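Use the sequences and the hints to build the structure in full.
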Amino acid sequence: DAGVTQSPTHLIKTRGQQVTLRCSPKSGHDTVSWYQQALGQGPQFIFQYYEEEERQRGNFPDRFSGHQFPNYSSELNVNALLLGDSALYLCASSLWVYNEQFFGPGTRLTVL
Amino acid sequence: GIQVEQSPPDLILQEGANSTLRCNFSDSVNNLQWFHQNPWGQLINLFYIPSGTKQNGRLSATTVATERYSLLYISSSQTTDSGVYFCAVESGNDYKLSFGAGTTVTVRA
Numbered sequence: 035d036a037g038v039t040q041s042p043t044h045l046i047k048t049r050g051q052q053v054t055l056r057c058s059p060k061s062g063h064d065t066v067s068w069y070q071q072a073l074g075q076g077p078q079f080i081f082q083y084y085e086e087e088e089r090q091r092g093n094f095p096d097r098f099s100g101h102q103f104p105n106y107s108s109e110l111n112v113n114a115l116l117l118g119d120s121a122l123y124l125c126a127s128s129l130w131v132y133n134e135q136f137f138g139p140g141t142r143l144t145v146l
Numbered sequence: 093g094i095q096v097e098q099s100p101p102d103l104i105l106q107e108g109a110n111s112t113l114r115c116n117f118s119d120s121v122n123n124l125q126w127f128h129q130n131p132w133g134q135l136i137n138l139f140y141i142p143s144g145t146k147q148n149g150r151l152s153a154t155t156v157a158t159e160r161y162s163l164l165y166i167s168s169s170q171t172t173d174s175g176v177y178f179c180a181v182e183s184g185n186d187y188k189l190s191f192g193a194g195t196t197v198t199v200r201a
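Line by line, the protein sequences are chains A and B.
Quick note on numbering: the first sequence equals residues 35 to 146 in this note's numbering.
Quick note on numbering: the second sequence equals residues 93 to 201 in this note's numbering.
Some hints could be false.
Here are some of the chain B residues that sit facing chain A, going by a computed Cβ distance under 10 Å [claimed, not checked]:
| # | residue |
| --- | --- |
| 1 | Q98 |
| 2 | N123 |
| 3 | I136 |
| 4 | V176 |
| 5 | E182 |
| 6 | D186 |
| 7 | Y187 |
| 8 | F191 |
| 9 | A193 |
| 10 | G194 |
What the hints contain is simulated information worked out from the structure, not anything from laboratory work.
Given the structure is predicted, the values throughout are model-derived calculations rather than measurements.
Positions of the beta carbon are idealized from the N, C-alpha and C atoms, including for glycine.
Structure below.
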């Protein structure tokens, strides 16, 4: 049973560029959440997707957008990258709501 | 939103020692999870424990929902237990996990 997978593992971009991160949920899960973890801090919630709709959004600007596909996989897009967007981006999957969330290995984004 | 406080922020242990990590939260919860983050950043699920007590090998956890706290016990610690331990909760109509700041555990041989 494959767990949550994310790609790419690492990414280096320059300010102003755009980036797309990808996530495949654990088998049987229908909900995907994205988190941003800055160095030395706990993960911060970006948004959650369920049935291809954004169900809840955290305190992140509109530069952060996402998508969920019919097979439940998801993408996180960040436009107009800033130096402060450098972080570990984590994807989590779960079944519907209030159930255990499982995390992928993360994508480490560096913005130069 | 809900506040999650973890203590202590840092813990240094000798191999073989026991320890207790604490998580306090400010509101009722629908979900509480404990994670161990390894040096590569992977969050590893330890416990899904919105209430009650669970044990898994040398680790155990207790959540007292009515008093709004959870405890993670590590017994006979090993160097591989080193890392950051996070408590995270879902509360009310929130579907997100709100994380504490973590406890950094260092186990010395």
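Taking the hints in turn, this is what the structure says about them:
no., hint, in the structure
1, Q98, "9 Å, holds"
2, N123, "5 Å, holds"
3, I136, "8 Å, holds"
4, V176, "9 Å, holds"
5, E182, "6 Å, holds"
6, D186, "7 Å, holds"
7, Y187, "5 Å, holds"
8, F191, "3 Å, holds"
9, A193, "6 Å, holds"
10, G194, "6 Å, holds"
In summary, this structure violates none of the numbered hints.
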